[in-house]
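J.: Each chain, letter by letter, is given below.
2 protein chains.
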Amino acid sequence: MFTVNQYFDGKVVSLGHEGADGKATVGVIAPGEYEFGTSTVEIMTVISGKMNVKQPADSDWKEYKKFESFRVEKGISFKVSVDQDTPYQCLYL
Amino acid sequence: MFTVNQYFDGKVVSLGHEGADGKATVGVIAPGEYEFGTSTVEIMTVISGKMNVKQPADSDWKEYKKFESFRVEKGISFKVSVDQDTPYQCLYL
Numbered sequence: 147m148f149t150v151n152q153y154f155d156g157k158v159v160s161l162g163h164e165g166a167d168g169k170a171t172v173g174v175i176a177p178g179e180y181e182f183g184t185s186t187v188e189i190m191t192v193i194s195g196k197m198n199v200k201q202p203a204d205s206d207w208k209e210y211k212k213f214e215s216f217r218v219e220k221g222i223s224f225k226v227s228v229d230q231d232t233p234y235q236c237l238y239l
Numbered sequence: 147m148f149t150v151n152q153y154f155d156g157k158v159v160s161l162g163h164e165g166a167d168g169k170a171t172v173g174v175i176a177p178g179e180y181e182f183g184t185s186t187v188e189i190m191t192v193i194s195g196k197m198n199v200k201q202p203a204d205s206d207w208k209e210y211k212k213f214e215s216f217r218v219e220k221g222i223s224f225k226v227s228v229d230q231d232t233p234y235q236c237l238y239l
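Protein sequence lines correspond, in order, to chains G and C. Our numbering numbers the first residue of the first sequence as 147 and each following residue consecutively. Our numbering numbers the first residue of the second sequence as 147 and each following residue consecutively.
Read the hints as simulated data drawn from the structure, not as lab findings. Take every hint as true, because none was put in to throw you off.
Copies of the same chain look alike in the list, so a pair counts if it works inside one copy or between any two.
Derived EDC-like pairs: lysine to aspartate or glutamate, alpha-carbon spacing no greater than 20 Å straight-line:
#, residue 1, residue 2
1, K212, D167
2, K157, D167
3, K212, E188
4, K196, E164
5, K211, E179
6, K196, D167
7, K169, D229
8, K212, E164
9, K211, E164
10, K225, E209
11, K196, D229
Construct the entire structure; sequences and hints are all you get.
T.: So, in structure tokens, the structure goes:
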């Protein structure tokens, strides 16, 4: 029914689905810092708590809070850091 | 790391975690109608799309949309109906 995706030894887990906003995942990130790559444009939304993000075009980290979103361009890698379990949604454009 | 919970033959899947709002799950519900029971008070939040909900105290279904929440009392059963894959968050109080 839904795909269960595990990354970084299970520290990042997501559920793939296709809902009102198209192809998407919801998942959870355990405390730590991670680097992700994109194969499409992605819209990430924090569902609870906060997420620190460093995109390649930015010199500094930016903090995103509950229900805040950010766009990630296709074909880049970006860093995410969280200090507690942080649920998120990702849309694939 | 995170628990993967499957219900209704995998039509409802959730990821258990403990984040900024305490004990929680994020999950996805496939199209259909389901009846859930609660063992604690729960706060459900729709992440994308919409969800129709019928609580025992209500005579009619109510529709909740993206980022809208509803509270479910402890020890009851309630019905949820969705017409497409619908991601949600559940907090356990």
